[in-house]
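*Asks:* If you want the building blocks of each chain, they are given just below.
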Amino acid sequence: MRERTVGEKLAVELCGIPLKTPLIPASGTLAKEALGEVEGVYGAILPKTTTPLPRTGNPPPRVAETPAGMVNSIGLQNPGVEQFIKELDAFDLGLPIFVSVAGDTVEAFGALCERLSEDGRISAIELNLSCPNVECGGLTFCASPASVEEVVVACRVAVPGKPIFTKLTYEGVVENALAAEASGADALTVMNTIPALTIDAHRRAVLVRGGLSGPAIKPVALRAVYEVARAVSVPIIGSGGVMSGLDIAEFMLAGASAVQIGTASFVRDPEAILHEFVSYLDGVGLGAADLTGDLRGIRG
Amino acid sequence: MKFYGVQVEDRERVGNYIVLRYRWQGPIEPGQFVMARANGYPVTLDPFLARPFSFYDHDGEVASLLFEVRGRGTALLDHTSRMEVSAPLGQGFRIDAAAGPSALLGGGVGVAPLKVLSRRLGEVGIPHDVFLGFANAATAKVAREFPGAGVATMDGSVGTHGTVLDAVPDLHGYPAVYACGPNPMLAAVKREASERSLCQLSVEERMGCGNGSCNGCAVPVRNGGYVRSCIEGPVFSAEVLAW
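Residue numbers (the working numbering), protein chains in the order written: chain A, 1 to 300; chain B, 301 to 543.
For the record, the hints were derived by calculation from the structure and aren't laboratory data. One thing to keep in mind: the hints can contain errors.
Only some residues are given here: those of chain B computed to face chain A with a beta carbon under 10 Å [claimed, not checked]:
hint, residue
1, Arg311
2, Gly315
3, Tyr341
4, Pro347
5, Phe446
6, Ala449
7, Val451
8, Leu465
9, Gly510
10, Asn511
11, Arg522
What you are looking at is a predicted structure, and each value in this text was computed from that prediction instead of being measured. By construction, the Cβ of each residue, glycine as well, lies at the ideal position given by its N, Cα and C atoms.
When you get a sec, could you build the whole thing from the sequences and use the hints?
*Replies:* If you want it as structure tokens, here you go:
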């Protein structure tokens, strides 16, 4: 049999969209200024979450380092969807563009999706269901299956022609995944950051109250992907603490069809991560698309 | 973020500060910064992030950073023989040859970018005076690297007793002002400088990534909202800043 090329080994498909690699930047971790650094790495581009109106974001400090991770509280700073649409061409690398959206209400989610539904540059929409300042209260938007259903149904109606991904938080992830799938979500992004807090003991003050990301959360995210994969039949985009090529393989083996890289791109060159993944594929003699859910000797 | 492995050429202790030199070719603008750390993944996951440092010096072959050991990241930089650095980042000081005599003010380890800036101003023939403020004599030792600079210490052990502004006879008289140091010092410089002056401030803010992606290093601006220190800064025109 003919040896597959690197490109053939890396190619995957997500909701009918061919991706040159299974890697996608997690929303809010790849600025347009940094696009030049990641050529050839990602299979799709996913800019920072957009909201109906501009958001100034939270006052600093917004980031705090923790062992094997960081806590951020950016507050969805973004120029609003109208400006986002004007600037979207900057993200055109000839790759599919997935757009992350967040609203304060179900209606806002629906209106955002409607605004983006006819834009031919956008291949899919990711619903960010863990924004920090929203109708349901708390860090997590829609921790309950009922509210996930409401949002996904509203967006499904607004975007009949594009795949919808639903980005879920850790809490209640299986129930929420089932609700999203039943409501018409085409794929599930599992998972978002985990609520976390850092304190400056010297100043006796809260430093950052936000979401924990980085390798510290990887085992938690892996378990979430694994559990969700056993419960649903739609594809899963794994996310949470991916730092290396082996981590990508682990998420895909747990059941992911594609994998998001976020915080890792702040401390590593994503190209190096991709190279590690290629080495892994060469070692096991498989292509990326073969890995999804291909666990042997599954325990519990 | 792309990091480059570099060999640490040498280290020099200057009072409480450390000058760390490493081989780096390519252009560096005064006021630009670098993300640096002793070891990258997977050698260490704590500290997890790289640290931003202004360039202290560069001769075209060897670059140097000036820092004080304050936490685990800087403690490791004090001992490592190899480190990882990014390429020069951010917007540095803009030099306007028509602006005229310039005042350069540095506070603490924030004196770092003034060395390259002072040399650049000298090259283009702009007369300038350097003023440096420190907490005490141990940190003020680095002032010897700035011949002719006016010096102030908060404890009065070296030079003028007080802040760097107390060492400046007439800040209002300078048509151009460049400053780097803690943000409260920069706010004071902004208040004291002439409104007609070209006043540029290099701000300090916590950074996550250094390449604009994380939006962590938010700097409040006058018309509302925030900009990123790592991309739009770290040097800003004083009138742009909210404080």
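*Asks:* Against each hint, give a clear statement of whether it holds in the structure.
*Replies:* Right, here's what the structure says about each hint:
no. : hint   : verdict
1   : Arg311 : 24 Å, violated
2   : Gly315 : 23 Å, violated
3   : Tyr341 : 5 Å, holds
4   : Pro347 : 6 Å, holds
5   : Phe446 : 30 Å, violated
6   : Ala449 : 31 Å, violated
7   : Val451 : 28 Å, violated
8   : Leu465 : 24 Å, violated
9   : Gly510 : 8 Å, holds
10  : Asn511 : 4 Å, holds
11  : Arg522 : 13 Å, violated
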